[in-house]
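Trainee: This is what each chain is made of:
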Amino acid sequence: MLPLLVVAVTALQSGPAEAFALVWRPRVAELLRNTVSLVVLTGTLSAVLGVGAAWLVERTALPGAGLWRVAFVAPLAVPAFVNSFAWAALVPGFSGLGGAVLVTTLSYFPFVFLPVAALLRSTDPGLEEAARSLGLGPVRTFLRVGLAQLRPALLGGLLLVALHLLAEFGALEMLRFPTFTTAILDQYEVAFDSRSGSVLALVLMGLAVTVLTLEMLARGRTRHARVGAGSARRPTRARLGALTVPALLATGGLAVLAVGVPAWSIGTWLTRTGEAYEPVVLGPAVRSTLGLALVAALVTTVATFPAAWLLARRRSRFAVLVERVTYLASSLPGVVVALALIALAIGYARPLYQTAPVLVLAYAVLFVPRAMVTTRAAIAAVPPELGDAARALGDGPLRAFARVQLPLMLRGTMAGFALVFIAVSTELTATLLLAPTGTQTLATAFWSASSSLDYAAAAPYAAALVVLSAPLTWLLLRSGREEPAT
Amino acid sequence: MIPRRTLLLATVAGAALGLSGCGSDSLEATGDLDDGKLTIYSAQHKNLTEAWGRAFQDETGIEVQVRYGNDSSMGAQIVQEGQASPADVFLTENSPAMTTVQNAGMLAEVAPATLERVEPRFVPSTKEWTGIAARSTVLVYNPSMISEDELPASIMDLADPRYAGQWSAAAGGADFQAIVSAILQVEGAEQTEAWLKALKSDAKVYQNNIATMKAVNEGQSAMGIIYHYYWYRDQALQKASSGNTALHYFRNEDPGAFVSVSGGGVLRSSAKQDQAQRFLAFVTSPAGQEILRTEDVKEYAVGTGDASDPALPTIASLQPPDIDPFTLEQQKVIDLMTQAGLL
Amino acid sequence: MSDLRLSGISASHPRTPVLHDVDLAVPSGTTTAVLGPSGCGKTTLLRVVGGFMRPDAGEVRLGGDVVAGPGTWVPPERRGLGYVAQEGNLFPHLTVAANITYGLPRRERKDAARVGELLELVGLPGDHGSRRPDQLSGGQQQRVALARALARRPRVVLLDEPFSALDPELRVATRDAVASALAAERATVVLVTHDQAEALSFADQVAIMHEGRITQAGPPAEVYRAPSDRRSAVSLGEACFLAGRTGDGIVTCALGALPVPGTTGTREVELLIRPEQLHLGADGSGGCPARVVRTEFFGHDALVELRLETADGPVLRARTVGPATPAVGSRVAVTVEGRPHLIDR
Chain A
189 MLPLLVVAVT ALQSGPAEAF ALVWRPRVAE LLRNTVSLVV LTGTLSAVLG VGAAWLVERT
249 ALPGAGLWRV AFVAPLAVPA FVNSFAWAAL VPGFSGLGGA VLVTTLSYFP FVFLPVAALL
309 RSTDPGLEEA ARSLGLGPVR TFLRVGLAQL RPALLGGLLL VALHLLAEFG ALEMLRFPTF
369 TTAILDQYEV AFDSRSGSVL ALVLMGLAVT VLTLEMLARG RTRHARVGAG SARRPTRARL
429 GALTVPALLA TGGLAVLAVG VPAWSIGTWL TRTGEAYEPV VLGPAVRSTL GLALVAALVT
489 TVATFPAAWL LARRRSRFAV LVERVTYLAS SLPGVVVALA LIALAIGYAR PLYQTAPVLV
549 LAYAVLFVPR AMVTTRAAIA AVPPELGDAA RALGDGPLRA FARVQLPLML RGTMAGFALV
609 FIAVSTELTA TLLLAPTGTQ TLATAFWSAS SSLDYAAAAP YAAALVVLSA PLTWLLLRSG
669 REEPAT
Chain B
109 MIPRRTLLLA TVAGAALGLS GCGSDSLEAT GDLDDGKLTI YSAQHKNLTE AWGRAFQDET
169 GIEVQVRYGN DSSMGAQIVQ EGQASPADVF LTENSPAMTT VQNAGMLAEV APATLERVEP
229 RFVPSTKEWT GIAARSTVLV YNPSMISEDE LPASIMDLAD PRYAGQWSAA AGGADFQAIV
289 SAILQVEGAE QTEAWLKALK SDAKVYQNNI ATMKAVNEGQ SAMGIIYHYY WYRDQALQKA
349 SSGNTALHYF RNEDPGAFVS VSGGGVLRSS AKQDQAQRFL AFVTSPAGQE ILRTEDVKEY
409 AVGTGDASDP ALPTIASLQP PDIDPFTLEQ QKVIDLMTQA GLL
Chain C
2 MSDLRLSGIS ASHPRTPVLH DVDLAVPSGT TTAVLGPSGC GKTTLLRVVG GFMRPDAGEV
62 RLGGDVVAGP GTWVPPERRG LGYVAQEGNL FPHLTVAANI TYGLPRRERK DAARVGELLE
122 LVGLPGDHGS RRPDQLSGGQ QQRVALARAL ARRPRVVLLD EPFSALDPEL RVATRDAVAS
182 ALAAERATVV LVTHDQAEAL SFADQVAIMH EGRITQAGPP AEVYRAPSDR RSAVSLGEAC
242 FLAGRTGDGI VTCALGALPV PGTTGTREVE LLIRPEQLHL GADGSGGCPA RVVRTEFFGH
302 DALVELRLET ADGPVLRART VGPATPAVGS RVAVTVEGRP HLIDR
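Residue numbers (my numbering), protein chains in the order written: chain A, 189 to 674; chain B, 109 to 451; chain C, 2 to 346.
Hints listed in this document are in silico derivations from the structure and should not be mistaken for laboratory results.
A hint or two may mislead.
[Said to hold, decoys possible] Okay, the calculated bits of chain C under chain A, using three or more residues with CB under 8 Å as the criterion: (1) 67-79; (2) 94-107.
[Said to hold, decoys possible] Stretches of chain A that chain B covers, calculated by requiring three or more beta carbons in the stretch to come under 8 Å of a beta carbon on chain B: (3) 213-222; (4) 358-369; (5) 426-439.
Idealized CB from N, CA, C, for every residue including glycine.
My request is simple: use the sequences and hints to build the entire structure.
Mentor: The structure is reproduced here in structure tokens:
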């Protein structure tokens, strides 16, 4: 919650008149136009691609479904800014709204694909069969029943896409497509001016809240659970017949664009590292990245635990409030959180300014929800009765926790730890603003090389980032149903 | 599987952190600053700063550590840090950021002997900092897109509608803002604002000088405003980003001929006044200035009688506008750019 | 083993009272079954005894020590109880042996002989100690849970519907194994269940619970024969009720005048007649004529629904031995064996 307040206060410090002047200018309108059109276009495309691909993979007899499933989650292993580097390094002059929509769609459509595919895989086709028996054709069945069933998954995925787009910096800066986040960073870079930066951040925050609200409204109160007992059946797969080849071409094309291009581009530049202007020093960057990620993941996981416990075990109003606030904070772009922490550190904790603890704190604020999802599930999966059983066998509450509950929760908690670890190791925006001077992570080293268009120097960092993110794909594939948090 | 894999990573990371204390070649400070070393806040290029720092260490035995940053944010950072700033020396690429620190009353006077070494035109009247290197504004162009005689005579002419869509600049960077501040001094606020509006509507904005040059090289833009040394450096290497381009110098004291002064100053709050002054003395000494010529830096030397890289046109041949680079101010420029919708 | 005494226990979940003034005494070495439908508060009662929930009022004594009462609270781990829940709640990350020895002091945990003994006690092969809980069937898991509870030689063993999650045949086998293990340990046991057969066959004492109150407690045969009210009667098994009027040593009802020794005075009563008390003779063999309306055949026995051919024709249900079940539509003669139980109206 603190970041929200700090940003608001800084923004309004200058007085309402000046703040108004800073908001009400053509530049803000331009940024708003850019940001909104990007969110709408990429969102729409992601929905179409995500749902289409999920349907082909899960509900049709498309050959190689398992392979496609991996291919459509794999883009998440390539951070969007690395993806945009890959495209820009391949296609000179690749930029603007078109480029931004292309790159962000290819990077983010898996956020839609993943939950929709999981839902399609697990939902009983009974409802659809009922609709067919009531006289609806296959297309109308999909529109009236299928889509309605998919709504929660689709909305959840779109929410992630939108929030990521609002927070995206690297990919868009590289493609010369200014949005609020890139403008805020420019502002900071040029002027170190927290005022106008904060005003922009306030607008950005407003957008994030709007997106969250829209999602909540769209989700509504309707339930889409299956009514009635009886075990669910595995859905049947539609036969594609003559459409098999076009479908294969479509999925293949998407896979080439989303996975092939970045892989090929990074691979090519990797072979040309000799042409780098600046020496590539992977070692220190890897070290600081892993070190920061390790500490941040540890801090985040530990910090998440009590709240997750409260949520899973004693769902009080306070606990729910805590949950909502952390989700809101996480929907804030990294740049807003970073600006707020800079203001706080300079104002109240000068010795901490530009030190690792502040950066770690920013990571924690940003990534608590990621840890929250898995930690909460892990806690919920351990029945409280086991604790009772241990106590009946003579353990005090603490011993019972240490001997029974903690070991059982460890697995899920470690998954949360891994998610945060990966998120931190590929984080760019907050790291750019908060990293202690002299500390280069893989992301910032990549960024400084790629923003000098030193593609050859950037490629090794890009490859390292992809390698670090790769386990994410595996984790997400495995967890199947779980939505990746923002 | 996950926990095990993570634990493995954790072990690797832990081992790596344990090793990170030793073996680093860079002067760059990592983690906590060492109070025993001379601390340099450098917005200058890393290769130049490293070369100076290393040569200084070798000559004096005084150990140096460097924090890197950008002109504007680092200048503002020092002001924010105030008396508690760990910086002993501040190096910039352009003068406005140094002026910001100077106006905050945070710079100590530079030793007279140092200032005497430097050409007078690169020494501010306040004597609170000194020029350490210089760079010239140039127009890089792609001859296949625009012929030499079609090029504008003045940087101000770029605002002419006939150049619409043909030019580009790295408007977000401190380099460009220094150029705008020169335009502001020569042409006044009204002209500058009009010119910035033209930039906003007619020109392409790139991330930085290199991206601008590369865009011209690749034919995405016919002309780009950059500093000279990016071009000369690329020419000295494989010409990958400049092979298709040529340079155009503005003449006749045009604001586009602006020569920007990189500055060095000693922080008043520094406890190592003596060592800090010795560093500035070294940087401006013949040995220090020679590094500008020998290390592929391609920036101009500012020491009296010190030669610059022979690949460059002599500094005397440039015809910069008659402006006082030491009163260039960034805030007004930022306000104008904000008004024009560039920020 | 020691006895357990509850007096005046009241307890509530947030804003919903669950237990009202419950009294119960479980003598040392005996088994008491608390029988009631789900939601009647019987699990809450067990949780209060176990120390997982604080009562609002009343006192829990274990072997004379107050473990819960005004100003006294002993946490569960110091009550020395054994607790076996519906799902067994074995620790999934530990082997069977580690589960069984969980509650023992550290140095005793490695004692393989003790594990073998306990496994044997609950009727499991000794080599099961190295298995993981998910490699066991539900019944085996419950037995391990019992072994785990018994390992610490608890003062009282609490069983919370331990057999309800099991398949019928497994349920009986597990129940027998558990009963004999408990008997061997001479344990004081409280069993909570909604299954009347389980309660009646398992326990020395049955306590009937309804809406948070214990309405009756006593030996199974007595509670079965002479429930205090209609509801208790039904909760223990099939029952027919007939309106009647007492006379001197008899009760007059639709089945005629039945002898009930010891009754005096005239009052309106309800007669409880269990189906197995009704004997069906051949038509005209004496007794009340009735027609068979419906039969439910269970194999070893059958339930026969009869309509008495008297004026208002009440419907009765009789239990017959399987092969002797009369056909639907046939006429039979109904007589009552044994003493009907009278419930005041």
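Trainee: Could you run down the list of hints and mark each one as holding or not?
Mentor: To see whether the hints hold, each was checked on the structure:
Here's how the region 67-79 of chain C fares: 4 of its residues keep a CB closer than 8 Å to some CB of chain A, so the rule of at least three is met and the hint holds. Counting residues of the region 94-107 of chain C whose C-beta lies closer than 8 Å to any C-beta of chain A gives 3; at least three are required, and the coverage claim holds. For the region 213-222 of chain A, the stated coverage by chain B is satisfied: 4 residues place a CB nearer than 8 Å to a CB of that chain, which reaches the threshold of 3. Proximity of the region 358-369 of chain A to chain B, defined as three or more residues with a beta carbon under 8 Å from a beta carbon of that chain, is established by the 3 residues found.
Check result for the region 426-439 of chain A against chain B: violated, 0 residues qualifying (beta carbon to beta carbon below 8 Å, three or more required).
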